[in-house]
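Trainee: If you want the building blocks of each chain, they are given just below.
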Amino acid sequence: MKDLETKIIENGTEAEIVMNGRLDTSTAKDARTLFEDVAGRFDKVTLNMEGLTYCSSAGIRSIRHIYKLIKEKKGKLETINVSDSVMQIFEITGVTAILSVG
Amino acid sequence: MNSMTVTAEEDKLDEVIDFVMDELSEYELDEDIQMQLELAIEEIFVNIVSYAYNPNVGDAEVHVEVKENPLSVEIGFLDSGVPFNPLEQDADTSKEALEDHEGGLGIHMVKKLMDSVAYTYEDGKNILWIKKRME
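Residue numbers (this note's numbering), protein chains in the order written: chain A, 4 to 105; chain B, 685 to 819.
Accuracy of the hints is not assured; some may be wrong.
Here are the simulated lysine to aspartate or glutamate pairs, DMTMM-like style, with alpha carbons at most 20 Å apart [what the hints assert, rightly or not]: (1) A:K10 <-> A:D46; (2) B:K816 <-> B:D714; (3) A:K5 <-> B:D807; (4) A:K32 <-> B:D695; (5) A:K5 <-> B:D695.
Read the hints as simulated data drawn from the structure, not as lab findings. Treat the numbers as computed from the prediction; the structure is a model and nothing was measured.
Isolated chain A (complex conformation) (with noise of 0.2 Å):
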């Protein structure tokens, strides 16, 4: 699968985006458009990543956006079920040290 399906669960102030695919150059674009979107109209965001098979640079830059927009507003991200796969390109580009990763 090239691309990537997203599903948002609200419950209240809280939500969790459920990412299934691959977040790429050609996905991230969108993925930019959703993170701002929950991250204006939630304070508790969750990345549900357990169907996240990829994860590129431009993702990696989509991760820091909704990151640095819930910080601005003092909420809170985390990040649960990430794969061992992805969890090794968090790593490497330090992304693991933003984020409350599980």
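Fit chain B to the supplied structure of chain A, relying on the hints for placement.
Mentor: Leaving out everything else, chain B in the frame of chain A:
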């Protein structure tokens, strides 16, 4: 050695990845190695698309060569755009930098994920070779 030439445009990325993976299909690559190669190809090709010819458009050549003992793949990327050595830029991945600064991440990933990366400028071409063990 096999090669392909494509217009350096973002929507040609899948074609480039498919070409390289077809060349390697007989080796039954480990999923992690396959993902790392795809990442390296994406980062390098997108770099060429973004910087080599901007605002014009030109071609990118991609070469694939498999070596034995140890089994490894070498992938070469050639463009005739402005001379640019991506290896001279590196990303600051400290916590502070990650919050403010966005440049050089892609090539940083390529350096970390590949076994070697080499750049030369010859006959008016940027030439970047990456090498990765497949076993």
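Trainee: Hints first: check each against the structure and report whether it holds.
Mentor: Quick rundown of the hints versus the structure:
For a cut-off of 20 Å, the pair hint linking K10 of chain A to D46 of chain A stands: about 17 Å separates their Cα positions. Using a Cα cut-off of 20 Å, the hinted pair K816 of chain B and D714 of chain B holds, with the two alpha carbons roughly 12 Å apart. A hinted pair counts as satisfied when its Cα atoms are at most 20 Å apart, and K5 of chain A with D807 of chain B does not qualify at roughly 36 Å. Between K32 of chain A and D695 of chain B, the direct Cα distance comes to roughly 14 Å. Compliance with the 20 Å bound is thereby established for this hinted pair.
For a cut-off of 20 Å, the pair hint linking K5 of chain A to D695 of chain B stands: about 13 Å separates their Cα positions.
When the structure is compared with the earlier hints, a violation turns up for hint 3 alone.
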